[in-house]
Amino acid sequence: GENVEQHPSTLSVQEGDSAVIKCTYSDSASNYFPWYKQELGKGPQLIIDIRSNVGEKKDQRIAVTLNKTAKHFSLHITETQPEDSAVYFCAARGPGGSYIPTFGRGTSLIVHP
Amino acid sequence: DAGITQSPRHKVTETGTPVTLRCHQTENHRYMYWYRQDPGHGLRLIHYSYGVKDTDKGEVSDGYSVSRSKTEDFLLTLESATSSQTSVYFCAISESGDTQYFGPGTRLTVL
Chain A
7 GENVEQHPST
17 LSVQEGDSAV
27 IKCTYSDSAS
37 NYFPWYKQEL
47 GKGPQLIIDI
57 RSNVGEKKDQ
67 RIAVTLNKTA
77 KHFSLHITET
87 QPEDSAVYFC
97 AARGPGGSYI
107 PTFGRGTSLI
117 VHP
Chain B
99 DAGITQSPRH
109 KVTETGTPVT
119 LRCHQTENHR
129 YMYWYRQDPG
139 HGLRLIHYSY
149 GVKDTDKGEV
159 SDGYSVSRSK
169 TEDFLLTLES
179 ATSSQTSVYF
189 CAISESGDTQ
199 YFGPGTRLTV
209 L
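Residue numbers (this note's numbering), protein chains in the order written: chain A, 7 to 119; chain B, 99 to 209.
No lab work stands behind these hints, which were simulated from the structure alone.
Wrong hints could be hidden among the right ones.
As the list claims (entries may be wrong) - Here's a subset of chain A near chain B, in silico, CB distances under 7 angstroms, partners left out:
{"#": "1", "residue": "Ala25"}
{"#": "2", "residue": "Ala35"}
{"#": "3", "residue": "Tyr38"}
{"#": "4", "residue": "Tyr105"}
{"#": "5", "residue": "Phe109"}
{"#": "6", "residue": "Arg111"}
{"#": "7", "residue": "Gly112"}
{"#": "8", "residue": "Ile116"}
What the hints assert, rightly or not - Simulated crosslink set (EDC-like; lysine to aspartate or glutamate; CA at most 20 angstroms straight-line):
{"#": "9", "chain 1": "A", "residue 1": "Lys48", "chain 2": "B", "residue 2": "Asp136"}
{"#": "10", "chain 1": "A", "residue 1": "Lys74", "chain 2": "A", "residue 2": "Asp90"}
{"#": "11", "chain 1": "A", "residue 1": "Lys77", "chain 2": "B", "residue 2": "Asp136"}
{"#": "12", "chain 1": "A", "residue 1": "Lys64", "chain 2": "A", "residue 2": "Asp33"}
{"#": "13", "chain 1": "A", "residue 1": "Lys43", "chain 2": "B", "residue 2": "Asp160"}
{"#": "14", "chain 1": "A", "residue 1": "Lys64", "chain 2": "B", "residue 2": "Asp196"}
{"#": "15", "chain 1": "A", "residue 1": "Lys63", "chain 2": "B", "residue 2": "Asp136"}
{"#": "16", "chain 1": "A", "residue 1": "Lys74", "chain 2": "B", "residue 2": "Asp196"}
{"#": "17", "chain 1": "B", "residue 1": "Lys155", "chain 2": "A", "residue 2": "Glu45"}
{"#": "18", "chain 1": "A", "residue 1": "Lys74", "chain 2": "A", "residue 2": "Glu8"}
{"#": "19", "chain 1": "A", "residue 1": "Lys43", "chain 2": "B", "residue 2": "Asp136"}
Built from N, CA and C at the ideal position, the CB exists for glycine as well.
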């Protein structure tokens, strides 16, 4: 089955800096890669996703890049703000009729004012 | 926000007692999932459903059972709760199996 590794487990940055979280996956057939943000005491919420036919996707300060050859995808947050502090999860989902994503273990992002 | 609720939001129970958690959706999404979240383990899939009365096991299904008698409700039952089942439980729904929408979670403590 699919295996997703996420790094780092904790990331501490100063407000205004950029943050990058990287995930690697094992199944080359995976074709859908979402990123979720989980604030304290809440459920995860989708912030951005990318499909295997796209190399990069951007939404304001957030971007995701996908390298299918190396089987890794990354979340980039620019101009970080204190409200970006949260736990971020990546996931990978297989092709065809698969509807079970595999999640990374999460990255705790701390943005210091 | 997707219309998904979980009840109860908090529960404290004793070892050996049965516990049922409820997930309710108003989105008419086909797929429903139960996860548990523990420090250092991220989100682990317990059971999932791909339609009414269609369910299957996830990676950590031992000690748990589920039922889905109608589209909007997905129940998770701990037949005899153990301390190792103390966790935060999240329900999620998905229309196509891609994006998942998570509920607010249920914090369960088994003493």
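Contradicted hints - numbers only | 1, 2, 8, 10, 11, 12, 13, 15 and 17
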